[in-house]
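Q: Chain residues, written in single-letter form:
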Amino acid sequence: MKTEKHILSILVDNEPGVLSRIAGLFSGRGYNIESLCVAETTDPKISRLTIATKANLPLVEQIKKQLNKLINVVKVFELTGTDFVQRELAMIKVRALPEHRAEILRIVDIFRCKVVDVGLEHYTLEVTGDEDKLAAILSLLKPVGIKEIARTGVIAISRDPKGG
Amino acid sequence: MKLTGAQILMKTLQEEGVDTIFGYPGAATIDIYEELSKTRIRHILVRHEQGAVHAADGYARVSDRVGVCLVTSGPGATNTVTGIASAYMDSIPLVVLCGQVPTHLIGNDAFQEVDIVGITRPCTKHNYLVNQTEDIARIIKEAFHIARSGRPGPVLVDLPKDVIKRSISYAPPQSLRLRSYNPTYRPSKKQLQKVVELIKQAQRPVIFAGGGVILSKSADRLTEFARKTRIPVTASLMGLGAFPGSDPLWLGMLGMHGTYRANMSIAGCDLLIAVGARFDDRVTGKTDAFAAQAQIVHIDIDPTSIRKNVPVSIPVVGDCGLALDILNHLIDELKLEDLSQKRQPWFDQIENWKRTTPLAYNTQCAMIKPQFVVEKLYELTRGNAIIATEVGQNQMWTAQYYHFDRPHRFLTSGGLGCMGYGLPAAIGAQIACPDQLVVDVAGDGSIQMNIQELATAVQYQLAVKVVILNNRCLGMVRQWQELFHDKNYVSTQMEHAPDFVKLAEAYGAMGLRAVKPAEVETVLRKGLAAPRTVIMEFLVDPEECVYPMVPAGAPISEMLL
Chain A
2 MKTEKHILSI LVDNEPGVLS RIAGLFSGRG YNIESLCVAE TTDPKISRLT IATKANLPLV
62 EQIKKQLNKL INVVKVFELT GTDFVQRELA MIKVRALPEH RAEILRIVDI FRCKVVDVGL
122 EHYTLEVTGD EDKLAAILSL LKPVGIKEIA RTGVIAISRD PKGG
Chain B
353 MKLTGAQILM KTLQEEGVDT IFGYPGAATI DIYEELSKTR IRHILVRHEQ GAVHAADGYA
413 RVSDRVGVCL VTSGPGATNT VTGIASAYMD SIPLVVLCGQ VPTHLIGNDA FQEVDIVGIT
473 RPCTKHNYLV NQTEDIARII KEAFHIARSG RPGPVLVDLP KDVIKRSISY APPQSLRLRS
533 YNPTYRPSKK QLQKVVELIK QAQRPVIFAG GGVILSKSAD RLTEFARKTR IPVTASLMGL
593 GAFPGSDPLW LGMLGMHGTY RANMSIAGCD LLIAVGARFD DRVTGKTDAF AAQAQIVHID
653 IDPTSIRKNV PVSIPVVGDC GLALDILNHL IDELKLEDLS QKRQPWFDQI ENWKRTTPLA
713 YNTQCAMIKP QFVVEKLYEL TRGNAIIATE VGQNQMWTAQ YYHFDRPHRF LTSGGLGCMG
773 YGLPAAIGAQ IACPDQLVVD VAGDGSIQMN IQELATAVQY QLAVKVVILN NRCLGMVRQW
833 QELFHDKNYV STQMEHAPDF VKLAEAYGAM GLRAVKPAEV ETVLRKGLAA PRTVIMEFLV
893 DPEECVYPMV PAGAPISEML L
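These protein sequence lines map, in sequence, to chains A and B. Counting the first sequence from 1 gives a position; my numbering is that position plus 1. Counting the second sequence from 1 gives a position; my numbering is that position plus 352.
Honestly, the hints are just simulated from the structure, not real lab data. Misleading hints may appear alongside valid ones.
Claimed, not checked - Below, a list of computed lysine-lysine pairs in the DSS-like style, where the Cα atoms sit at most 25 Å apart:
(1) K66(A) <-> K660(B)
(2) K66(A) <-> K541(B)
(3) K552(B) <-> K76(A)
(4) K580(B) <-> K46(A)
(5) K552(B) <-> K580(B)
(6) K55(A) <-> K660(B)
(7) K134(A) <-> K148(A)
(8) K46(A) <-> K6(A)
(9) K546(B) <-> K66(A)
(10) K660(B) <-> K70(A)
(11) K3(A) <-> K46(A)
(12) K94(A) <-> K148(A)
(13) K660(B) <-> K65(A)
(14) K6(A) <-> K580(B)
(15) K70(A) <-> K569(B)
Said to hold, decoys possible - Sample of chain A residues lacking proximity to chain B, with all beta carbon distances greater than 10 Å (derived):
(16) K3
(17) K66
(18) L80
(19) L90
(20) G120
(21) E132
(22) A136
(23) K163
Unchecked claim - Covered stretches of chain A (chain B as the covering partner; in silico rule of three or more C-beta atoms under 8 Å from a C-beta of chain B):
(24) 20-33
(25) 52-64
These numbers were taken from a predicted model, which means no experiment stands behind them. Backbone N, C-alpha and C fix where the C-beta goes; we use that ideal spot for every residue, glycine too.
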């Protein structure tokens with residue numbers, strides 16, 4: 002059966018040890034975590050976790066059921082297959098020698114990202130976007146020389162009807 | 353009203369109806385014990401914390417109450433882990449209370465400190481570290497609620513010493529509200545109607561009962577269902593007792609050491625109705641070949657059990673008892689035609705399997721056959737004893753040759769397969785049922801894993817009986833070595849063992865031994881009649897194997913006979 006990426010959005014009690022319960026569930030049962038983000042929601046008692054995992058369909062069903070079984074999990078939504086928006090933020094430190102500086106800034110412009118730190122031999126860029134956009138900018142920056150990268154992993158939220 | 357944490361704990365435990373605690377004191381729990389002595393709760397002092405958990409497990413299984421343990425921090429807590437893991441696998445409701453170092457020392461590698469909440473996270477249904485005295489009452493109430501509701505399981509509560517000692521002005525907790533925990537009890541009637549349609553069409557149906565039938569107290573309803581629909585019944589190890597072992601519809605246990613007819617029925621059935629089971633690998637063998645011709649109906653309260661291991665045609669999430677009630681009701685409404693005639697070829701086939709390949713062993717042997725001991729035990733107790741087992745051959749022979757007519761009579765570590773379970777579980781069962789005969793069927797290997805609990809049995813004057821099938825080896829592993837590893841008996845020969853009769857006497861129990869088949873009945877009669885703790889040792893044929901056997905990973909129909 003085909004293994005595909007699934008994005009799960011999970012509301013949990015904002016309590017010590019909850020992240021460990023979820024991470025432990027994934028590692029203990031051999032499930033894959035591609036990325037994981039967690040932060041408080043507007044209700045300080047509840048946090049939202051966004052997990053990207055690779056699994057086939059029966060397995061992702063099992064993952065959702067296992068998550069729901071945890072006492073501290075309030076709700077599990079699978080966003081994959083629904084209408085949703087996803088973003089990831091990356092900070093990319095690139096080598097910026099004089100001969101490349103103009104080229105890098107052109108890329109910054111095209112991808113609508115920001116330079117957040119500058120030095121004689123580097124730029125640090127802040128990029129947000131979906132997976133494809135990040136992959137594209139990374140491939141363009143690679144020849145220039147990527148010194149370091151920090152990524153948040155994907156966060157996502159469902160789209161509501163436009164209304165009107 | 354000012355109360356200390358320990359006082360609040362005792363108050364809450366009594367409100368939850370706790371009358372017995374299995375435990376072992378230590379520095380971190382000394383204040384709790386001080387308060388415990390002022391209550392009517394009975395404390396059973398075990399000899400090892402693993403014993404406390406198994407005893408609470410045995411107590412819970414026969415009494416349908418939550419078993420409670422109290423242990424100290426550090427090693428006291430880590431010693432409970434095996435018992436907790438076993439209860440978790442078998443869905444037994446327990447609350448395990450652990451002492452912990454004071455909160456200001458947590459994380460400092462303090463004396464007898466261990467992160468027991470971290471350690472037991474994957475083997476408890478839920479667990480708690482209590483950070484402040486104000487939370488004790490609420491957390492204890494939640495712990496009992498979680499342990500006994502939905503699919504039951506063990507819950508651990510870690511209690512730091514300062515949280516226990518501190519006094520607060522006590523306010524009773526508000527009503528229990530866990531917004532993220534709502535087990536589904538009521539099954540979908542629509543799904544169950546589909547099940548009835550399948551039952552009407554089926555030519556070769558089988559019911560497969562698991563431990564969930566016993567946990568949901570619905571053995572009588574399952575029996576009614578099977579008799580009404582004329583469907584033969586098999587069960588997993590955990591499901592033994594869910595259907596009367598003496599009923600003509602009974603197929604025997606299925607799985608790795610299941611009966612020939614049960615396994616062949618699974619392979620040949622066109623409808624399998626699984627109730628409260630989780631399709632463990634010891635039950636299914638090769639999953640692709642398991643009930644390959646059948647539509648599978650799966651009724652279980654835990655959605656994760658459904659479609660975890662085998663594909664299911666009709667999933668039904670809910671309480672087994674409620675589901676069986678609805679099924680029985682629907683069947684009454686429909687006034688099903690008499691199905692006996694339609695099912696006759698299927699019954700003939702099953703009868704044929706039973707006749708040609710029954711459970712059997714060599715009855716002409718000069719040595720004692722272990723199966724013979726279990727058969728005699730069944731006969732002499734008329735199937736009425738509460739039977740605990742250890743793990744391995746002793747467990748499988750008991751499952752095969754002791755026929756359980758009622759639920760809550762068979763205590764065994766089914767999922768975890770935990771040697772050393774039987775004796776403490778038997779002690780817990782005897783505490784819960786002082787007037788019943790409780791027997792632990794053991795091997796010479798597994799009995800030595802928690803033999804120290806003999807002292808507990810003697811101290812509390814419990815007439816627990818231990819039957820040791822002594823084959824001088826670790827029989828089940830030896831059997832695998834014989835069959836699959838060219839008889840390379842690595843480390844399975846117990847070249848030295850204690851003299852169990854003298855050992856029993858040293859503990860203040862009675863010790864008896866049989867070495868010849870003719871002595872078996874005499875020893876059993878004498879041991880079972882004695883109003884005290886007894887070890888009965890039977891020197892059995894060391895080369896006896898458990899048959900039938902499905903090699904691990906093979907289809908269930910491919911049995912070594």
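Q: All the hints need checking, so say for each whether the structure fits it.
A: Hints, one by one, checked against the model:
no.: 1; hint: K66(A) <-> K660(B); verdict: holds (10 Å)
no.: 2; hint: K66(A) <-> K541(B); verdict: holds (22 Å)
no.: 3; hint: K552(B) <-> K76(A); verdict: violated (39 Å)
no.: 4; hint: K580(B) <-> K46(A); verdict: violated (51 Å)
no.: 5; hint: K552(B) <-> K580(B); verdict: holds (12 Å)
no.: 6; hint: K55(A) <-> K660(B); verdict: holds (17 Å)
no.: 7; hint: K134(A) <-> K148(A); verdict: holds (19 Å)
no.: 8; hint: K46(A) <-> K6(A); verdict: violated (29 Å)
no.: 9; hint: K546(B) <-> K66(A); verdict: holds (23 Å)
no.: 10; hint: K660(B) <-> K70(A); verdict: holds (14 Å)
no.: 11; hint: K3(A) <-> K46(A); verdict: violated (37 Å)
no.: 12; hint: K94(A) <-> K148(A); verdict: holds (5 Å)
no.: 13; hint: K660(B) <-> K65(A); verdict: holds (12 Å)
no.: 14; hint: K6(A) <-> K580(B); verdict: violated (48 Å)
no.: 15; hint: K70(A) <-> K569(B); verdict: holds (22 Å)
no.: 16; hint: K3; verdict: holds (17 Å)
no.: 17; hint: K66; verdict: violated (4 Å)
no.: 18; hint: L80; verdict: holds (20 Å)
no.: 19; hint: L90; verdict: holds (29 Å)
no.: 20; hint: G120; verdict: holds (39 Å)
no.: 21; hint: E132; verdict: holds (30 Å)
no.: 22; hint: A136; verdict: holds (34 Å)
no.: 23; hint: K163; verdict: holds (31 Å)
no.: 24; hint: 20-33; verdict: holds (count 5)
no.: 25; hint: 52-64; verdict: holds (count 3)
Comparing the model with each numbered hint stated earlier shows that hints 3, 4, 8, 11, 14 and 17 do not hold.
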